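*Asks:* Listed below, chain by chain, are the residues.
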Amino acid sequence: GQQLNQSPQSMFIQEGEDVSMNCTSSSIFNTWLWYKQDPGEGPVLLIALYKAGELTSNGRLTAQFGITRKDSFLNISASIPSDVGIYFCAGPNYGGSQGNLIFGKGTKLSVKP
Amino acid sequence: NAGVTQTPKFQVLKTGQSMTLQCAQDMNHEYMSWYRQDPGMGLRLIHYSVGAGITDQGEVPNGYNVSRSTTEDFPLRLLSAAPSQTSVYFCASRIQGAHNEQFFGPGTRLTVL
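First to last, the protein sequences are chains L and F. So the first sequence is numbered by our numbering: it starts at 1 and just counts up by one. So the second sequence is numbered by our numbering: it starts at 1001 and just counts up by one.
The set of hints was computed from the structure by calculation and includes no laboratory data. Because the structure is a prediction, the values reported are computed rather than measured. Don't take every hint at face value.
[To be verified] With beta-carbon atoms standing in for the labels, derived distance ranges:
1) 1018(F) <-> 62(L): 33 to 41 Å
2) 80(L) <-> 1077(F): 37 to 45 Å
3) 112(L) <-> 1016(F): 29 to 37 Å
4) 1096(F) <-> 51(L): 38 to 46 Å
5) 1052(F) <-> 55(L): 21 to 29 Å
6) 62(L) <-> 1041(F): 37 to 45 Å
7) 1041(F) <-> 50(L): 23 to 31 Å
8) 1027(F) <-> 12(L): 23 to 31 Å
9) 1083(F) <-> 2(L): 24 to 32 Å
10) 58(L) <-> 1022(F): 39 to 47 Å
11) 8(L) <-> 1044(F): 20 to 28 Å
[What the hints assert, rightly or not] From the derived model, a few chain F residues whose C-beta atoms are all more than 10 Å from chain L:
12) 1033
13) 1075
14) 1102
Note that CB positions come from ideal geometry on N, CA and C, so glycine has one too.
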């Protein structure tokens, strides 16, 4: 079945550094979603991508829909302590029905002040 | 709008006990779903519903029942709790066909002893 592989699994960075993470799929996607989960909360949608090559920003966050349609990237510039959390990529599960989402296992980000 | 609400926030059960996790949304979303989140496993789909009166199984449905008598509510029932069901449970909803952008509740942390 479809799988999403996220890397890295975790990151420990200094405040002010830039962050890059990525997500790869075993099959082609036509939608990529990036969510952030704050500690003790549910995931919140950050960015949605709908077209190969698309580059979309949300404040200091920028995400790209890979040209091959099998990958996506999320960058965070000038990280701050509130960026701490788990970042998930997600995409439609074509093996299921009704457009269910499948999620990567997440990238856990820690920021040292 | 309250968005997606879940109760309780925390619950401890003994093996064999039953309970119902409540989920409600006030956005008139047709699609609702339940996920469980375990360390290192990401979010896995338990059950979902595309509208009142319609439910279907996700990736990990065993040990859980759902029903959808109204658009607003989508309770998740554990008939006989097992330690393997210790997890954090998230309910989510979205407009049917809305590019899969889902809105999540705050989660229920369940411990089964």
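*Asks:* Now, for every hint given, state plainly whether the structure supports it.
*Replies:* Here is how each hint holds up against the structure:
1. 1018(F) <-> 62(L): 33 to 41 Å: At 47 Å between Cβs, range violated.
2. 80(L) <-> 1077(F): 37 to 45 Å: holds (41 Å)
3. 112(L) <-> 1016(F): 29 to 37 Å: Cβ of residue 112(L) to Cβ of residue 1016(F): about 45 Å, so the range 29 to 37 Å is violated.
4. 1096(F) <-> 51(L): 38 to 46 Å: At 22 Å between Cβs, range violated.
5. 1052(F) <-> 55(L): 21 to 29 Å: For residue 55(L) against residue 1052(F), whose Cβ atoms are near 39 Å apart, the range 21 to 29 Å is violated.
6. 62(L) <-> 1041(F): 37 to 45 Å: With Cβ atoms ~28 Å apart, the hint is violated.
7. 1041(F) <-> 50(L): 23 to 31 Å: holds (27 Å)
8. 1027(F) <-> 12(L): 23 to 31 Å: Hint violated: Cβ distance 37 Å, outside 23 to 31 Å.
9. 1083(F) <-> 2(L): 24 to 32 Å: For residue 2(L) against residue 1083(F), whose Cβ atoms are near 29 Å apart, the range 24 to 32 Å holds.
10. 58(L) <-> 1022(F): 39 to 47 Å: Cβ of residue 58(L) to Cβ of residue 1022(F): about 32 Å, so the range 39 to 47 Å is violated.
11. 8(L) <-> 1044(F): 20 to 28 Å: holds (21 Å)
12. 1033: For residue 1033(F), whose nearest Cβ neighbour in chain L is about 7 Å away, the distance does not exceed 10 Å, so it is violated.
13. 1075: Nearest chain L Cβ is 17 Å from residue 1075(F), so the label holds.
14. 1102: Nearest chain L Cβ is 6 Å from residue 1102(F), so the label is violated.
Of the hints listed earlier, those the structure fails to meet are numbers 1, 3, 4, 5, 6, 8, 10, 12, 14, in rising order.
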